[in-house]
Amino acid sequence: MTEPGKAAPAAPGRAMPLADPRFRSIFFQTVLIVTVLAAGYVAVINADANLRAQRIATGLGFLDHPAGFGINQTLIAYSEADSYGRVFVVGLLNTLLVSVIGIVLATIVGFVVGIARLSSNWLIARAAGAYVEVMRNLPLLFQILFWYLAVLGTLPSPRQSLSIADSIFISNRGIIVPSFAFGDGAEIVLAALMLGIGATAALGMLSRHRRRATGRPLTLWWAAVLLLVGLPLAVLAATDFPIGIERPVLRGFNFVGGVRMLPEFAALLIALVTYTGAFIAEIVRAGILSVHRSQTEAAYALGLTRGLALRLIVVPQALRLIVPPLTSQYLNLTKNSSLAVAIGYPDLFAVFAGTTLNQTGQAIEIIAITMAIYLLLSLTTSALMNWYNARMRLAER
Amino acid sequence: MKRVTLVVALAAMSTFVAGSVTAQTLKTVRDRGALTCGVSQGLPGFSTPDDRGNWTGFDVDFCRAIAAAIFNDPAKVKFSPLSAKDRFTALQTSEIDVLSRNSTWTMLRDTQLGLNFAAVNYYDGQGFMVRKSLKVNSALELNGASICTQTGTTTELNVADYFRANKMKYEVIAFSTADETLKAYDAARCDAFTTDVSQLYAMRLKLAKPDEQMILPEIISKEPLGPVVRQGDDQWFDVVKWTFFAMINAEELGVTSKTVDEALKSTKPDVRRLAGTEGNFGEQIGLTKDWAMRIIRHVGNYGESFERNIGSGSKLNIDRGLNKLWSKGGIQYAPPIR
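From first to last, the protein sequence lines are chains W and P.
Numbered as in this note's numbering, the first sequence ends at 380 without a single skipped number.
Numbered as in this note's numbering, the second sequence ends at 387 without a single skipped number.
Okay, chain W solo, but in the shape it has when bound (with noise of 0.2 Å):
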């Protein structure tokens, strides 16, 4: 590879090829990836004639046979009868759903207690520093059998189960609440609620509008009730109320209708969030931190409050710290929730990584998969808080 006009006067035209840095570089890189690609090769050709050899099924074709087995959580209908590529989604739902609901109430509760430790109120910054020393110091599957075991699990059995108003019940079969029956004409009601909220958006916007303009906004809480909730309960009343309360009713061994939280489902949940609470909690209290004080004083000068403040001056720039290592808490929460087999929560990991792994015996391909999934889910939390991040940079002029 000679390049015109670039010959070395050393030796012109005589240079090895090795010592052109720019040839350098692309010939290694492609001998690396080359490696790389061979490697992967082979050990795909290779495991494959090893299965084979030892006669051990392989393939994808595992997924389209029907699972045999129960779930007790599912968020799409499934039956016995369902394939184990039904199995999957199942249990990536599950998965998903513990992962997101954990994260949006461990920011909440990671904020809160973070601040909580900045407090200048003696109780409270030295009650939150409690929180977060214990439960991050406590290893995560401890506290998940903690809660199972220890508090969920002593609640009495359903026959004996603590009820408020005949229509919530809690026992040691989880907390069961009533649910919505839904008639003819159901969809109207929703349509109107969906209209409801519509409007209330747009009232915002022209609100948030007018107050650029002239500097007041629109007063808007009554008009807002009546659309959420008046119009709603008007169409409700006009169908001839298609959409009923169904009450849970304790029939045999269990509650029949209404909707239920598996214990296993809340024991998973509070401990993901009081664990990973406390170490976001950490995260805040350091950006506020290295926010400088001058700034919060400048804001006092102008006359906010300390809650204004901290809400318009201090946590947007915090928030450029924050951002970065809340997204490894993020991905933490949703790896950690994989510790729901312990407790025989129904994840991706339990059902698919365990049980479907186990009756088909088809190890590698479910761990393939198994391990894409979590990558997938880690790298689109990463994508959207990546994107968040930098929304949030510092603007500069």
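If you're looking for bench data, these hints aren't it; they were derived computationally from the structure.
Remember, it's a predicted structure, so these values are computed and weren't measured experimentally.
One should not assume that every hint holds.
Claimed, not checked - Some but not every residue of chain W turned toward chain P, in silico, with C-beta under 8 Å: (1) R38; (2) F52; (3) G53; (4) V134; (5) L233; (6) G235; (7) N237; (8) G327; (9) G344.
All C-beta atoms, glycine included, are put in the ideal place defined by N, C-alpha and C.
Following the hints, put chain P in place on chain W, whose structure we already have.
For chain P alone, kept in the frame of chain W given last:
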């Protein structure tokens, strides 16, 4: 973590090592000087360690019988406690030589996992355990119940079949180890605990109040339990299979650990073939002539092992039922040594 290690080991082995299937298990065991045997993580009567780490039980006896046949020393066994989920992977990756861990023989396991079931050493069936206070007398009254089970087992599938066939609703909570399952049942998270009946008897002893539990009469499945080896090593397959058959034949011929010396002097042709004083059957499978007598002397015949560990001589007190010899009304039967 152990399971991840195993899976990675399986992946690595099958990925980078060509032709890892060896037909050399017996030689490997001899060279190592000990048998590695996969057992449960603690199931009274079948395989449990005592406070000094000595393993005992019905499944443990079988491991010791193989060691006795090879080394004339039942102590030359290394036990590897495995969960239901890990057991087959451990065998596939050659971490163990034989799996003796109340594993049900099914077509899928026999044909798709690269494994072979050598024999059925316990004919079992799946049942339910409930608290007496529930006042349930039949599994058919369990409609709507919450049921605890161990994941990675045939029981998880059978319970689904049973409730579906009888058009009953149920909730299943599946745990990864037997102890976690039992803990949840003890905490009344579920109304019933389901697994093979033999295990129900064993698990009941681990509960806080064994007397307040009852095992329902229904048997909802066939669970032929037996030792498992890797496919592709016929000699080792024969050693394991015939170790078991020797124990059955010994019981049938009335040879016990106490009557070994008389058996060696016996004039009956079938006893002489078992004792190795006639023919050289042991040498044909790579062992010694007195292979069967080594097993019987150190471990005992099938009936002795059964009664001592899980039958009338034990706390479990399980009736032999189907596991009686064929000549006594059961279905335990072994091909003759000849």
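To see whether the hints hold, each was checked on the structure:
no.	hint	result
1	R38	holds, 5 Å
2	F52	holds, 5 Å
3	G53	holds, 4 Å
4	V134	violated, 11 Å
5	L233	violated, 10 Å
6	G235	holds, 4 Å
7	N237	holds, 5 Å
8	G327	holds, 5 Å
9	G344	holds, 4 Å
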